[in-house]
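Letter by letter, the chains look like this.
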Amino acid sequence: MELSSKRSVPGQIAGKKRRGLNRAWRRSLIRGVLLLCIVGVAILAPFLTPHDPNKVAIGARLQGPGYRTDDGKLFLLGTDGVGRDVLSRVLVGSRLSLLIAVSAVLIAALLGSTVGLVSGFAGGAMDSVIMRLGDIWLAFPEILLALSVTAVLGPSVLNLIVALGLSRWVSYARLVRGNVLTLREREFVTAAHSIGVSPLQIMLRHILPNVVDVIVILSALHLGQMIILESALSFLGLGIQPPTPSWGGMIGDGRIYLHNAWWVATFPGLAIAGTVLLAGLFGDALRDALDPRFRAD
Amino acid sequence: MGETARKERGGTVGAVLIKRLLAAIVVIWGVVTMVFVILRVLPGDPAALALGVEATPEALALLRHQMGLDRPIPVQYAVFLWDVARGNFGASLDLGEPAMRLILDRVPATMQLALPALLLAVVVALPLGVVAAIRANSLWDRLISVLTLGAQSMPNFWIGLMLILILARDWGWLPTSGRGTWQQMVMPVVTLAFPLLSVLSRFVRAGMLENLRMDYVRTARAKGVKDVVVYYRHVFKNMLIPVVTTLGLQAGTLLGGSVVVETVFAWPGMGRLTADAILRRDYPVVQAGVLMIALIIVLVNLTVDLVYSALDPRIRFH
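Residue numbers (this note's numbering), protein chains in the order written: chain A, 69 to 365; chain R, 2 to 319.
Hints should not be assumed to be uniformly reliable.
Said to hold, decoys possible - Which residues of chain R face chain A? A partial, calculated answer using Cβ under 7 Å: (1) ALA221; (2) VAL291; (3) ILE297.
Stated by the list, open to error - The calculated label-pair distances, taken between Cβ atoms and stated as ranges, are: (4) R/GLY69 <-> A/CYS105: 48 to 58 Å; (5) A/ILE106 <-> R/GLU211: 26 to 36 Å; (6) R/ARG219 <-> A/ARG94: 42 to 52 Å; (7) A/MET194 <-> R/ALA311: 45 to 55 Å; (8) R/ALA311 <-> A/ARG254: 31 to 41 Å; (9) A/SER196 <-> R/TRP172: 38 to 48 Å; (10) A/ARG94 <-> R/LEU18: 48 to 58 Å; (11) R/LEU241 <-> A/LEU142: 52 to 62 Å.
For the record, the hints were derived by calculation from the structure and aren't laboratory data.
Backbone N, C-alpha and C fix where the C-beta goes; we use that ideal spot for every residue, glycine too.
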């Protein structure tokens, strides 16, 4: 494969390594495609739902999975406390969960990487101040930080994205900074310096391309955690507001009916667990493929 | 060790101690400032949020005045710092009692879950991680990896609800919620331990594998040292130090988790109190709760840092 040969080593080991890398790439490809399928479902959700996800039918409330109405309509995953179709809501709920998680990861990655790049490259007092700021940030559990920010700004989708993005930038900043510190001393950087390339150019042209892999890997690994964090906020009531379906919000609703209608809280949770697991597996595989130093084996 | 060297070492340890303490104080100040920024400087009016949309302008003005929101930001900040230094966060808007006392009253309940959860996570994660590393790439390793990744993929509030569903509703083994008996502790502790033990066991595995690759392990094996001895005396012990640090970093996971888990199990801890206060816009309690949680995390990390530098000479000297 093209990408793996870029990193292969000449000599006898090369063949073995390339095979290992090929396997890693194949694995990330398969998992990536599966993840894309979930994204596809999210995008196409309005066309896939068997029922209107917001249609209330008190007469059909809390009907178990496989419930059929008199006119033959099937509710595969049952209905919730006000008779809405659980399957349709799980499908539509994926949209905002994924949109928010992906956007929040992008914000965290962009902000954190920029900070880390500048901090590592500039060094000195600026670096110390930024890193101390990171320490302070890490003293707040993410959920508390995100909860406080959404509580103050109000629970809109945009605020949720900002709150979640802000809760995670430090990991990117630390990772990128660490990499920059080593790269800064490398010959190609000192050479660029000596021929008078501007610091900004060095950062963007010479250093950034070398840290992109680690940023991508971390983003993939964070995606699932972001989905969980968003669902926790919605579960607690400060995320996506009803009646818009969201996985966390549905679990929050289902909690009330836990004793007589298990399906209301169970299925959205399975949707979260499945998506997050896949995102985690994808992140792992991508890490193995992109950065063989971190290979699990 | 010579006299000079001992003196030097003592000096270094003292210097490290002072440096870390100063850094912790800076972090605590930063934490206080951040709480201020989030609750007072970000757009959004705490008074308006506290009173809701139907508030009259007069009531709003009165509350803004009571909360000191009508003063300039630097003055508000100075007053805030002074109040925090005295532990005075004002009275809860809902309950009328001093916010800090409300939070302090709930600290024991939170610890009653957090500490056993930590212990449970360690007791389960260590063997899992060690087995996964020793039998790397075997069926066991894969099984453990799938299980831990699976556990990490489930939101903890959902795990809690599923435990209630199975253990309390279906099997009737345990009470669903509340605090009082040990049976009521089981589900929240397990729920809280879940994400932690996944992270920890993956970390233990990685740490073991890294040490297994070291030259000293090869040397020990070449000398004919038995596997068990190599694993325990050399690899396991060397791997423990970074694991302790990770545990310190997980204080945040535990206390953050307590916000959700205590809500699910109606456990009267400070996590739930803080979450409720956020939902009810009870700002004095939010400030006190968030600060207390952050403070505990900073102190835990400081302690871990100090224990760590006492254990590992490489860190002590550099």
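Going down the list of hints, with the structure as the test:
Contact between R/ALA221 and chain A, as hinted, is not supported at the beta carbon level, the nearest pair being about 22 Å apart and thus beyond 7 Å. Contact between R/VAL291 and chain A, as hinted, is supported at the beta carbon level, the nearest pair being about 6 Å apart and thus within 7 Å. At its closest, the beta carbon of R/ILE297 sits 9 Å from a beta carbon of chain A; the interface hint therefore is violated under the 7 Å criterion. Checked against the hint of 48 to 58 Å, the pair R/GLY69 and A/CYS105 passes, with Cβ atoms roughly 53 Å apart.
Against the hinted window of 26 to 36 Å, the Cβ-Cβ separation of A/ILE106 and R/GLU211 comes to about 34 Å, which satisfies the hint. In this structure the hint that R/ARG219 and A/ARG94 lie 42 to 52 Å apart at CB is violated, the actual value being about 32 Å. Between A/MET194 and R/ALA311, the C-beta spacing of about 32 Å breaks the proposed range 45 to 55 Å. At about 35 Å, the CB distance of R/ALA311 to A/ARG254 agrees with the hint of 31 to 41 Å.
Separation of A/SER196 from R/TRP172 is about 55 Å and departs from the stated range, judged on CB atoms against 38 to 48 Å. Evaluation of the 48 to 58 Å hint for A/ARG94 and R/LEU18 yields a pass: the beta carbon distance comes to about 52 Å. Between R/LEU241 and A/LEU142 the beta carbons are some 55 Å apart, a value that agrees with the proposed interval 52 to 62 Å.
Consistency note: the structure conflicts with the earlier hints numbered 1, 3, 6, 7, 9.
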